[in-house]
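Take these sequences, add in the hints, and give me the full structure.
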Amino acid sequence: MKKKSQRVSPAAKVMTAYDRYVIPSYGRSPLVIVRGRGSWLWDIEGKKYLDFFPGYAVSGLGHCHPNIVRAIKRQAGLLIHLPNIYYNPLQARLAELIVAHAFPGKCFFCNSGAEANEAAIKLARRAGHAQGRYEIVSMLDSFHGRTIATVTVTGQKKYQEGFGPLLPGVVHVPFGDIGAVSGAVNEKTCAVILEPIQGEGGINVAPPEYFVALRRLCDARGVLLVMDEVQTGMGRTGRYFAHQHYGIRPDVMTLAKTLGGGVAIGAMVAGSRYADLLQPGSHASTFGGNPLACAAAVATFDTIEDEELLKYVRRMGNYLRTRLVRLAARFPFVKEVRGEGLMLGMHLGIDGKAVVAECLKRGMLINATGDNVLRMMPAMTVKRNEIDRAIKIVEDVFRAVR
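Numbering-wise (numbering that gives the first Met the number 0), the sequence shown opens with residue 0 and increments by one.
In short, the hints are calculated from the structure, not lab data.
Warning: the hint list may mix true and false statements.
Unchecked claim - Restraint-style ranges between C-beta atoms, simulated for each label pair:
#	residue 1	residue 2	range
1	Arg401	Tyr20	19 to 29 Å
2	Pro65	Pro9	48 to 58 Å
3	Asp305	Lys352	33 to 43 Å
4	Gly163	Tyr25	19 to 29 Å
5	Glu307	Ser8	41 to 51 Å
6	Val211	Arg27	37 to 47 Å
7	Arg314	Leu166	36 to 46 Å
8	Lys47	Arg27	14 to 24 Å
9	Thr15	Val211	48 to 58 Å
Where is the CB? At the ideal position from N, CA and C, for every residue including glycine.
Here you go:
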């Protein structure tokens, strides 16, 4: 007599395939996601989730924003890829938009934040080469990518373990300590690199005067100031770029994540003084700035302007912060609410990963970084009622886990 075969769920089939064929370099939640719209995702079983951490800020306009979808569909029917030995009108337009909203300079296009930071590191070393300058000062608790160079400048040992020897000439100092930076900069230093707000490090912020002093220090010592705006850029904090809150201008800026509205693209923006240092043959990226990605990025800029999202982010960011502060007042284990715009963190005195797991059970996706900081970075198009729903879920979870 034949045994009845047990039904294997669609989700289980996908996860089994991952186990067999995909390198396990990510810790994954047991979800198989197949569809997204705005601040919502649906899994393969049809369950709906409120996404308050859309793609580590990649889907900054929400999942499948209609403007991005239209731009991709239109461009896919015309031209998807073009090598950078030819001129691409969409790349030209995107570079013009970035420079117009940032500072005078030029752009190098690539595919990710790590690639953008790699380009910035090479540019800084090229700038200092004639003077024998090659050292880089970075910040503790920073995050700049997973390549050997970018993981070296990342100020977290856990990302570096097992990959040595790392890039020589990198010094780490505490974030927000201008005296420490001043003490680390010497005649061999070519650049100081930092995030305006540390994302992966725990939504760490520093006062405006720190950035003003940092700009003055770099000018006085002849050192490049490199701002990693991969996570903070493209409106996340209520300005196009977070350094604009401080009234300063970096020499180099890196972008990715929200830039493409969900499509892979990165950019390194060099100020006019350094914009022509990378000549033909000195650096490249095969897929960088391809027509499809540039079409999506141009549509992202157009959407931010047409929907007045910078103003909207400031308003929704203030509302979310207010709700979080009120929530924190009712739970003593919440130590602090910090951040800017729609890039906010709650520093907890309990295990943040347990909170994330409980939120998942209740249909909400959120992130914990540094083990005990809840990172809330919803889409810049998030609605007020979606914020209210998120707060209610987090409140219920706090009551359950305290």
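Against the structure, the hints:
1. Arg401 / Tyr20: 19 to 29 Å: The hinted range 19 to 29 Å is violated for arginine 401 and tyrosine 20, with Cβ atoms some 41 Å apart.
2. Pro65 / Pro9: 48 to 58 Å: At roughly 28 Å between Cβ atoms, proline 9 and proline 65 fall outside 48 to 58 Å, so the hint is violated.
3. Asp305 / Lys352: 33 to 43 Å: holds (39 Å)
4. Gly163 / Tyr25: 19 to 29 Å: holds (22 Å)
5. Glu307 / Ser8: 41 to 51 Å: Holds - the Cβ-Cβ distance for glutamate 307 and serine 8, about 44 Å, lies within 41 to 51 Å.
6. Val211 / Arg27: 37 to 47 Å: holds (42 Å)
7. Arg314 / Leu166: 36 to 46 Å: holds (42 Å)
8. Lys47 / Arg27: 14 to 24 Å: Holds, since lysine 47 and arginine 27 (Cβ atoms, about 19 Å apart) stay within the stated range.
9. Thr15 / Val211: 48 to 58 Å: holds (55 Å)
In summary, the numbered hints that this structure violates are 1 and 2.
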